[in-house]
Structures are given as structure tokens and as C-alpha cells.
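Same order as they appear, the protein sequences are chains G and Y. Per the working numbering, the very first residue in the first sequence carries number 2; after that it's consecutive. Per the working numbering, the very first residue in the second sequence carries number 2; after that it's consecutive.
A few of these clues could be false.
Copies of one chain are not kept apart here, so a pair can be met inside one copy or by any two copies together.
As the list claims (entries may be wrong) - The list that follows gives simulated cross-link-like pairs (lysine-lysine, DSSO-like), each with its CA atoms no further than 30 Å apart:
| no. | residue 1 | residue 2 |
| --- | --- | --- |
| 1 | 6 | 39 |
| 2 | 22 | 54 |
| 3 | 110 | 54 |
| 4 | 113 | 209 |
| 5 | 22 | 209 |
| 6 | 113 | 39 |
| 7 | 54 | 113 |
| 8 | 110 | 6 |
| 9 | 113 | 22 |
Hints were generated in silico from the structure; no laboratory data involved.
Protein chains: 2
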Amino acid sequence: MIDYKLLQASAEVIRHGSFEKAARDLGLTQSAISQRVKLLEDRLGQPLIIRSKPIAATDAGKRLLQHYQRVSLLEQELYEELPKLHSASHFGQIAIAVNADSLATWFVKVPKRLFDELDLLVHLTVDDEALNHEALQAGTVLGAVSLRSDPIQGCRVRPLGAMRYIMVVAPEFRDRYFASGVTADALRSCPAVNFSRHDELQNQFLNKYFGLVPGEFPAHTVPSSQGFVTVAEQGIAYAVVEEHQAAEGLRSGRLVQPCPHVIERPLYWHHWNMQSGLLSQVNEIVLGEARHYLPQIGN
Amino acid sequence: MIDYKLLQASAEVIRHGSFEKAARDLGLTQSAISQRVKLLEDRLGQPLIIRSKPIAATDAGKRLLQHYQRVSLLEQELYEELPKLHSASHFGQIAIAVNADSLATWFVKVPKRLFDELDLLVHLTVDDEALNHEALQAGTVLGAVSLRSDPIQGCRVRPLGAMRYIMVVAPEFRDRYFASGVTADALRSCPAVNFSRHDELQNQFLNKYFGLVPGEFPAHTVPSSQGFVTVAEQGIAYAVVEEHQAAEGLRSGRLVQPCPHVIERPLYWHHWNMQSGLLSQVNEIVLGEARHYLPQIGN
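Taking the hints into account, I'd like the entire structure generated from these sequences.
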């Protein structure tokens with residue numbers, strides 16, 4: 002059997018990208034961690050960790066991390082049945098990658114349910130779609146919420162429903178820039194707000210309905226879900242946002258919809274394909290919350 | 002004189018990290034962009050761009066980008082005086098790096114003022130302190146809000162005031178876990194929420210007042226300023242947050258302060274050191290907003 006002490010040290014170094022942080026987390030010295038990693042590499046006859054800055058995992062290292070995470074998950078199920086086995090904190094842990102729009106809207110109750118119902122500490126990462134897929138593949142997360150539908154090896158993918166994106170502005174912004182309606186000309190002379198320098202969704206919206214291409218319209222850049230809506234409410238930009246995020250602003254009159262166009266984007270839940278009662282419960286919570294908030298696709 | 006058409010193409014490739022995006026932004030074909038970069042490299046006799054994935058700049062490339070951004074800034078001032086010079090959109094542009102806590106609190110009105118008062122499109126990036134410093138050094142941003150006080154070559158640094166961090170929890174969380182007060186033992190058995198896997202501020206708070214080290218206390222991870230507060234309000238974690246972010250929750254009773262401890266962290270504004278009327282106005286807005294919201298240091 003694998004020496005799990007050595008495996009744990011190596012996996013935590015890869016997960017944290019740092020010997021120092023792994024040492025802190027495990028309550029060991031850095032030199033103890035280094036020795037354990039070295040010992041496992043010697044036994045395997047191949048390196049697990051590339052000592053670059055930041056640290057990277059070799060393919061063998063990634064595969065071992067994946068195995069370690071799976072074993073940890075199975076252990077957590079065991080602890081539920083045999084709680085005394087578990088010496089330290091009684092909480093299990095789960096790592097999930099999620100896109101920023103989801104975290105700001107329908108996903109908001111998922112961490113609470115995972116903690117309240119399954120006693121799990123929840124570790125979220127918010128990155129772009131490509132990095133989320135990488136994290137899933139590398140085994141640093143157990144599930145990922147993503148706009149991508151292409152399956153990942155060793156994982157299952159399930160539809161979550163659709164995110165609906167609409168255009169919103171402050172009433173004074175509409176009166177100033179869209180007095181004659183939302184037209185390509187009007188959009189060329191007033192600012193949008195992008196989430197990142199290249200906001201694929203905003204670009205798609207403006208291209209589909211107004212024939213505009215990036216560079217043709219001015220835009221601010223605000224990489225924060227909350228800040229994004231704030232900028233629209235302040236009246237310094239129009240924004241294409243997920244409709245739940247605009248709901249409060251629309252209700253209170255701080256925001257209005259200057260045009261009726263909608264873009265729908267299907268959203269997917271990718272998770273490891275393994276037999277695990279705990280993972281089934283996690284899936285149920287994620288799918289349940291999505292069904293409650295998001296329009297279902299094909300209905 | 003430098004051929005600014007070539008320089009603009011090269012600088013935009015470096016800024017975007019992509020030939021494709023630079024081409025889109027400038028409304029040119031990718032091959033036109035490549036030719037311009039190549040031509041400038043030939044004239045200089047050295048490479049500006051490392052064609053890796055993602056694209057990186059050589060030292061010469063970085064220096065040229067810095068120069069290009071400075072010239073752009075000076076041009077924007079000129080446009081204010083001679084608006085007809087400027088053919089396209091009449092907005093100027095400014096790129097600023099900011100830490101997440103600031104963007105969620107005192108910085109919130111800065112983009113509005115930069116747009117309303119100076120007609121600037123505002124491009125914000127939110128990264129960790131080290132990356133913000135790098136962006137400033139590379140010239141991809143003109144100013145940065147940071148917890149670091151060490152000056153950067155070619156830049157000035159000014160104190161903005163202090164961020165004050167306090168511990169908050171939902172009342173039911175306090176009753177359940179802190180019934181006998183907030184103690185090291187209590188903190189070992191209930192979850193914190195970290196912004197990232199290693200939340201330096203939370204660690205400092207728990208170490209200074211309770212002698213705890215990371216790994217000793219369980220924690221969720223939620224990398225979103227809004228999500229962070231939400232998790233505390235939902236009663237699944239205690240959180241160490243900037244006091245303005247907790248203000249609404251405390252006022253409404255959704256949050257309470259289970260202990261009176263405070264950590265103060267001075268915050269700094271780093272900006273390019275150059276003679277520019279526009280930059281002076283930007284500085285005034287940033288410093289003015291900070292003074293309005295943040296306790297001043299040494300007062």
C-alpha cells in the first residue's frame with residue numbers, strides 16, 4: 002500500500018504550490034515535508050514536483066494528487082459513520098471551482114447547505130473557465146460550475162440550467178445616452194463595463210443584437226461581480242448582467258432595462274465520476290439549488 | 002522619433018498578452034500587427050515579445066510599454082485642450098490596480114468620479130499585492146492601491162489611511178460556538194472564512210489575539226468580497242472583515258461583533274512620478290475618497 006504520510010505531504014505541496022504552506026497546514030517543519038516528498042520520489046523513481054517558482058506538479062504528481070483527494074473524500078464518508086476515527090476537527094472538506102456570476106447569484110446558498118447538511122468546509126476558487134477545467138483535471142477541485150459543456154476525462158457533466166443575461170442602466174444614463182433608443186451609434190459613444198479586458202458575454206450581446214465588434218465601443222473594466230453592478234447603478238456605464246444580479250436594482254428603480262434583448266447561456270456541473278455517497282449528496286445540493294433559481298434548458 | 006504606429010501595436014500586444022486581442026482592439030488584422038512588431042524589433046535589433054503561451058515581454062518590451070503608456074497619458078491631457086485632435090471616442094483611459102477590500106469599500110466612488118470629472122474610462126485589475134506591484138512596474142497600470150509601502154522605481158508612494166479589520170458573526174453562530182466567549186479553544190472548533198487559501202490578515206488577527214497558527218483552526222475559502230460577508234451572515238463561519246463591509250450587516254443585526262479586537266493596516270497609493278496635470282487630478286480624487294472614508298494614520 003502507498004505510504005499515505007508521504008503522499009499527504011506531496012499532495013499538500015502540490016495543492017498549495019508551496020512547501021512552506023504545506024508545512025504550516027500539516028503542522029510540520031519544511032524540512033520534514035521536503036524529506037517526505039523526496040522519499041516518495043525516490044521510491045517511485047521519478048519526480049513529483051518541479052521545483053520552479055511557483056511550484057508545479059509533474060504528470061505523476063498530478064495523478065497522485067488526484068488519488069489523494071479521492072481517498073480523502075472516501076475517508077470523510079467513513080468519518081460520518083465512525084466519527085471517533087477522526088482525531089482533529091470533525092469537519093470534512095470539499096473544493097469546488099465556480100464562475101464569478103454563479104457565485105454572485107444562484108450558488109450563494111450552496112456553501113451554507115454543504116456546511117449545515119454535510120458538515121463540510123467549503124473551499125471555492127473563482128477563475129476563468131479554462132483554469133477551472135484544469136483544476137478539475139488536476140484534482141485540485143472535486144467539481145466545477147462552468148459554461149463549458151465538453152466533458153473532462155474521469156468526470157461526469159450535467160446541465161444546470163441557463164444563465165440569462167440582460168442589459169441594464171441607471172435611468173439617468175438611459176436619458177442621457179439612449180434618448181433615441183439603444184442603437185449601434187449610441188453604443189459607440191457611451192461606455193459599457195467589462196468584467197475583464199475581454200468580456201466574451203458582453204461582446205456576444207453587442208455583436209448579436211447591434212453588429213458591434215470589440216474596439217468599436219468604449220468600456221470600463223471592473224473585475225468584481227458586485228462592482229460591476231455598482232458601476233451601472235452609479236450611471237457611468239451600461240452593463241450586460243445575469244438577471245438575478247440586476248433584480249434588486251430593477252425592483253428599486255436604480256436600474257432599468259433599456260432594451261428587451263436576452264442572451265441565454267447554458268451552465269454545467271462537472272464532477273468526478275466515482276461511487277461516493279457523499280459526492281451524490283453534494284451533487285443533489287448543487288443541482289437542487291440550480292433548479293430552484295435557473296430556467297431549465299429544453300423545458 | 003519613434004514610429005508610434007509600430008510602438009502602439011507592440012505595446013497593445015504586450016498589454017493584452019495576445020496578438021489576436023491587440024488586433025481586435027486596434028481594428029487591424031493579426032498579420033498587420035505581427036508585421037509592425039517584427040519591424041520594430043528589427044529596427045531595435047532585439048526582441049520585444051517572447052512568443053510563449055501566454056505572451057511575455059522582454060525587458061526592452063516592458064520599457065517600451067511604459068513609455069507608450071506615459072505618452073498616451075500626455076496625449077489625453079492634450080485632447081482636453083484640443084478636443085478635435087482626437088478622432089475616435091472622446092474618452093481618455095486609465096488603468097489602476099486595486100486590492101479587493103478597497104474595491105468593495107472606500108474605492109467604490111473613484112471610477113464614477115474619474116469618469117464624471119475627467120471623462121476617463123477606468124480599467125481596474127484586482128490581484129494580489131505582489132502582482133499589483135509588478136503591473137505598476139511594467140507600466141500596465143498607472144497607479145496601484147496596496148498594503149505594501151515599499152516604493153517602486155519611478156513611482157511615488159503616499160499614505161491613504163488605515164483599513165480597520167474586525168471579527169463579525171451571525172447572532173446564531175455566536176450563540177452556538179461563542180457561548181462562553183471567543184477563545185482559542187472555541188476558534189479551534191468552528192469555521193473561519195478565508196478569502197484565499199492563505200488569508201494573511203485573518204491569520205494575523207487570530208495569531209495576535211488568540212495565539213493560533215494556520216492549520217489549527219478550520220476554515221472555508223470564498224474568494225469574493227461579497228461572498229465573504231454573505232457566508233458570515235449565513236451563519237456558517239466567523240469572518241475578519243474591513244469594517245465598512247460589515248457596516249450594513251451590523252446595523253441590520255444580521256451580524257454582531259463577538260469580540261472587540263481590531264487590526265489596523267495602513268494602505269498606500271503608488272503612482273507614476275511624472276509631471277502631468279491629469280495625473281494630479283487622478284491623485285486628488287483617489288486621496289480625497291480615501292480621506293473621506295479611512296481613518297488617517299498618525300492622527
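Can you list which hints this structure breaks, lowest number first? 3, 6, 7 and 8
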